[in-house]
Structure formats: structure tokens, C-alpha cells
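Protein chains in written order, with the numbering used here: chain A, 48 to 272; chain B, 48 to 272.
Worth flagging that the hints you see were computed from the coordinates, not collected in a lab.
Among the hints, erroneous ones may be present.
One copy or any two copies: either way a pair holds, since identical chains are not told apart in the list.
As the list claims (entries may be wrong) - 25 angstroms max Cα-Cα, derived DSS-like pairs, lysine-lysine: (1) Lys77 with Lys239; (2) Lys77 with Lys154; (3) Lys92 with Lys77; (4) Lys121 with Lys77.
Protein chains: 2
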Amino acid sequence: MRLVVARCQVDYAGRLTAHLPPATRVIMVKADGSVLVHSDGGSYKPLNWMSPPCTLREGVADDGVVEWTVSAAKSDDTLRIRLEEVLHDSAHELGVDPGLRKDGVEKHLQELLAEHTTTLGAGLTLVRREHMTAIGPVDLLCRDTGGAAVAVEIKRRGDIDGVEQLTRYLELMNRDPALRPVRGIFAAQEIKPQARVLAGDRGIECVVVDYDALRGIDDPSLRLF
Amino acid sequence: MRLVVARCQVDYAGRLTAHLPPATRVIMVKADGSVLVHSDGGSYKPLNWMSPPCTLREGVADDGVVEWTVSAAKSDDTLRIRLEEVLHDSAHELGVDPGLRKDGVEKHLQELLAEHTTTLGAGLTLVRREHMTAIGPVDLLCRDTGGAAVAVEIKRRGDIDGVEQLTRYLELMNRDPALRPVRGIFAAQEIKPQARVLAGDRGIECVVVDYDALRGIDDPSLRLF
DNA sequence: CCATAAATGTCGATT
DNA sequence: AATCGACGTTTATGG
Chain A
48 MRLVVARCQV DYAGRLTAHL PPATRVIMVK ADGSVLVHSD GGSYKPLNWM
98 SPPCTLREGV ADDGVVEWTV SAAKSDDTLR IRLEEVLHDS AHELGVDPGL
148 RKDGVEKHLQ ELLAEHTTTL GAGLTLVRRE HMTAIGPVDL LCRDTGGAAV
198 AVEIKRRGDI DGVEQLTRYL ELMNRDPALR PVRGIFAAQE IKPQARVLAG
248 DRGIECVVVD YDALRGIDDP SLRLF
Chain B
48 MRLVVARCQV DYAGRLTAHL PPATRVIMVK ADGSVLVHSD GGSYKPLNWM
98 SPPCTLREGV ADDGVVEWTV SAAKSDDTLR IRLEEVLHDS AHELGVDPGL
148 RKDGVEKHLQ ELLAEHTTTL GAGLTLVRRE HMTAIGPVDL LCRDTGGAAV
198 AVEIKRRGDI DGVEQLTRYL ELMNRDPALR PVRGIFAAQE IKPQARVLAG
248 DRGIECVVVD YDALRGIDDP SLRLF
């Protein structure tokens with residue numbers, strides 16, 4: 048890992064073209080050759096970058112300024128960095144990273160809801176998780192007290208896309224005489240207004256689920272701090 | 048901007064929980080308090096991070112190890128970094144960045160296609176760009192040689208979402224007696240097979256557009272290098 | 001300020 | 001390798 052702080056100008060040409068006027072920035076060159084140009088604000092996204100696999104070639108422009116040309120290996124994407132004034136330049140041996148362990152995403156929410164289907168509606172019972180259809184798996188297939196099938200789509204954030212997805216499943220499942228009629232439930236920690244409206248128009252019920260309550264907010268073993 | 052290279056352990060708790068075992072990494076602390084933890088590989092996304100607005104508090108753990116606690120201002124997201132061994136620590140004044148200029152995204156593609164509607168189909172003429180409907184603007188509204196309305200949805204990458212979007216517009220527009228019948232064209236630089244199949248099923252025509260050809264690939268003033 | 005759509009999205013899983 | 005869906009998405013844009 049090489050860290051450079053420099054007054055620089057950057058140009059990118061690839062899927063789009065982009066230009067950064069001269070200013071002082073941090074340039075990160077990773078062991079795999081990838082390059083990140085960061086400013087002192089914004090969030091984790093660099094102003095400009097080149098993803099691996101790529102190669103860095105150091106050269107000198109016509110006016111004598113040091114210039115890096117970073118070229119992608121598979122496409123003709125190119126990043127050109129003019130280093131007008133280098134304020135810091137250091138290299139560091141980092142080694143291979145053991146990587147990140149995650150917990151708490153949609154899969155976990157699905158597991159919890161599968162075990163607590165009544166959260167979605169009184170009397171609902173689970174038939175199976177990941178019920179397969181021709182166009183993909185439905186998160187939960189349930190039956191209500193009347194024995195009718197209920198397809199459940201689970202999202203962390205209930206967006207319009209999720210409603211469309213569930214609509215496609217329902218359309219398909221309702222062609223199956225063995226299942227018909229199938230109604231839909233759209234379950235999420237948060238449901239966007241537009242998604243709610245579309246769901247209503249499609250006769251799909253919306254349920255907002257409380258992840259922390261399901262997980263058991265009082266269980267101290269699940270809290271890090 | 049502060050740059051720290053250190054053997055560290057990181058824990059995040061917020062919308063999910065995540066853990067990084069001890070290893071040497073680069074930690075970037077930006078002027079706005081945001082923190083990025085980078086390894087020596089991967090792409091531009093940090094292993095862990097905290098977005099602004101947030102505050103960094105430096106403390107010492109029970110075992111004497113220096114520990115940073117970064118807390119988000121608006122949520123209770125927390126990032127905890129145990130600095131087991133600091134190999135490098137430097138601070139740099141960067142100043143405000145003038146920002147990025149971009150060119151070549153969807154809007155530009157839409158401008159180009161608006162001026163060259165025949166690329167989408169022989170005899171097509173433009174009625175207007177950004178034709179407003181109750182659920183949002185249709186990229187292009189055209190008429191064909193027979194005078195029938197044609198709604199065009201433009202994407203850089205033609206995905207299933209875009210087909211769904213156009214479908215919603217068409218459904219709505221076909222309820223309008225003044226426009227009916229309206230057919231659809233899905234235009235993109237690249238169209239995914241699944242999107243193509245769905246479009247076919249909906250009676251929507253797919254057109255792959257060559258951005259470079261439209262822009263005029265031979266115009267040297269548009270080439271950076 | 002809230003809501004939605006785009007992104008040089010990135011990332012992981014699965015075909 | 002290609003495709004698909006999720007993401008602590010982030011970021012820009014319009015109401």
C-alpha cells in the first residue's frame with residue numbers, strides 16, 4: 048500500500064469521462080495496483096478510482112510534471128493523474144486481510160419471520176421457505192386459517208422493486224390450480240410510500256416488521272457494546 | 048486528513064454487526080470526522096467505515112490498548128477500532144475540493160437520442176423529452192410514421208427494472224384516449240437477456256444503442272487521450 | 001427536507 | 001464467465 052498526498056489533477060475516461068481540477072488530495076495505491084483518489088470529505092466513495100485488475104505506469108508529461116497513467120486490464124478505461132506537487136509519499140506492507148464477518152441482513156430476517164409467521168398475520172402457518180417458482184424462489188409460502196396460500200416477500204427496505212418482484216411471483220403462482228388463489232404479503236423493516244401505493248393497487252398487503260423486537264432486543268449476547 | 052497505518056481490530060454495530068480480526072490496515076480520518084478502514088486489496092469500498100456526520104472519541108481499553116470509538120450523529124451506529132500497533136500516523140491539510148465534472152451518463156444519452164430518434168426506428172419523430180405522467184416522466188415520447196405514440200425508456204444498462212418502469216408508464220398512458228395506442232421501446236447500451244425476454248413478453252421493442260457512434264467516435268475534440 | 005432514480009455502482013451467490 | 005439480487009449502498013435530482 049502506497050499513500051501519496053499531492054496537489055494533483057485527475058482525468059478519467061471509460062464508461063464516462065470525468066475531470067478533477069488541481070487540488071490537494073490523497074492517493075491510495077493498493078497492492079493489486081488499484082488506485083483511489085480521495086478528498087477530505089464526502090463519504091467512503093473516492094472522487095476517482097481504478098478498480099483491479101489494472102496497471103500503473105509512471106511517466107512525465109511534456110511540461111515535466113510527473114504523470115501516472117492507470118489502465119484497466121480488461122477494458123480501455125484509463126485514469127490519468129498529474130502530480131503537480133507531492134507533499135507526502137510512503138509505502139507500507141499490510142499483508143493479506145482475514146476479511147469481514149457480517150450478521151443481520153435479509154437472510155436473518157427471513158429466518159426470524161419463518162419462525163414467527165404470526166407476526167405477518169394472525170393464524171398464518173409456514174408451508175416452506177424459499178418456495179421455488181419458474182422465475183425464482185418466493186421467500187415464504189404460508190397458509191392462512193382458511194387454508195388459502197399466501198406468498199411473502201421479505202426485504203429490509205420495502206421498495207417498489209420488491210412489490211414488482213412479488214407481483215411476478217403471484218401472477219405465476221395464480222396460474223397453478225393446486226395453489227390458486229394465492230395472495231401476497233410484502234414484509235419489510237420500512238416500506239416506502241410509493242411501494243405501499245403500488246402494493247395496494249395490486250391487492251398486496253404490507254407489513255412493517257420490527258427486526259430488533261423479533262431478534263429479542265433484550266438479549267445481551269447479541270449486543271456488541 | 049489523518050492517515051494511520053496500524054495493526055487493528057474493528058467492530059461495527061448499526062444496521063448490521065460486523066467484525067474485523069486483527070490485521071494491518073490503513074485508517075483514513077477525514078476532516079469531517081468520517082473514518083475509512085482499508086485493506087490492501089478489494090475495490091474502492093472500505094472494509095469498514097463511518098459516514099459523516101459523526102464524532103471520533105479516542106480512549107484506552109481495559110488492557111491499555113488505544114481504542115477509537117466513532118459514533119454517528121443521527122443514528123446509534125458505532126465503529127470501534129482497537130489500535131494494537133501504530134506503524135504510521137500523519138496529518139495533512141487538504142483544503143476544500145473543487146469537485147468532479149462528469150460527462151457521458153444517461154442524461155447525455157437521452158439528449159443524443161432525442162436528436163437522432165431514427166436510431167430507435169425508421170420514421171420516428173420526437174414529440175417531447177421528459178413527457179410527464181402521473182407516476183413520473185417518460186424519457187422520450189415519439190410518433191411513428193402512422194402517427195401512433197411511442198414511449199421510449201432509456202438506460203445505460205438495460206435491466207429488468209427498466210422494463211418494469213416502462214411497463215408502468217405504458218399501462219398508464221394507454222388509459223389516455225388522446226394517446227392510445229402507445230407502444231414502447233426500451234433503449235440501452237446493453238440489454239440483459241432477462242430484460243429482453245420480459246420486454247418481449249410485454250410487447251416492448253428492444254434497441255441497443257451505440258453511445259460512441261452517436262457521440263461521433265471520430266470527433267477528436269471529445270477524446271481525452 | 002423527503003423521495004426517487006442512477007451509479008465508472010460494488011459484492012456475493014448461483015448458474 | 002455471466003446473471004441476479006442485496007447493499008451499513010452513495011449520490012444526484014426533483015418535488
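Quick one: Lys92 to Lys77, C-alpha cut-off 25 angstroms, is that within a copy, between copies, both, or neither? Both: 15 angstroms inside a copy, 12 angstroms across copies.
Next on the checklist: Please sort Lys77 with Lys154 into within, between, both or neither, judging by C-alpha distance up to 25 angstroms.
Outcome noted: neither (32 angstroms within a copy, 33 angstroms between copies)
**Study point:** Copy assignment of Lys77 with Lys239, given that the CA separation must stay at most 25 angstroms
**Key:** neither (39 angstroms within a copy, 32 angstroms between copies)
Next on the checklist: Checking an output row: Lys121 and Lys77, CA cutoff 25 angstroms. Within, between, both or neither?
Outcome noted: Within one copy, since 18 angstroms is at most 25 angstroms while 32 angstroms is not.
Against the hints set out earlier in the document, violations occur for numbers 1, 2.
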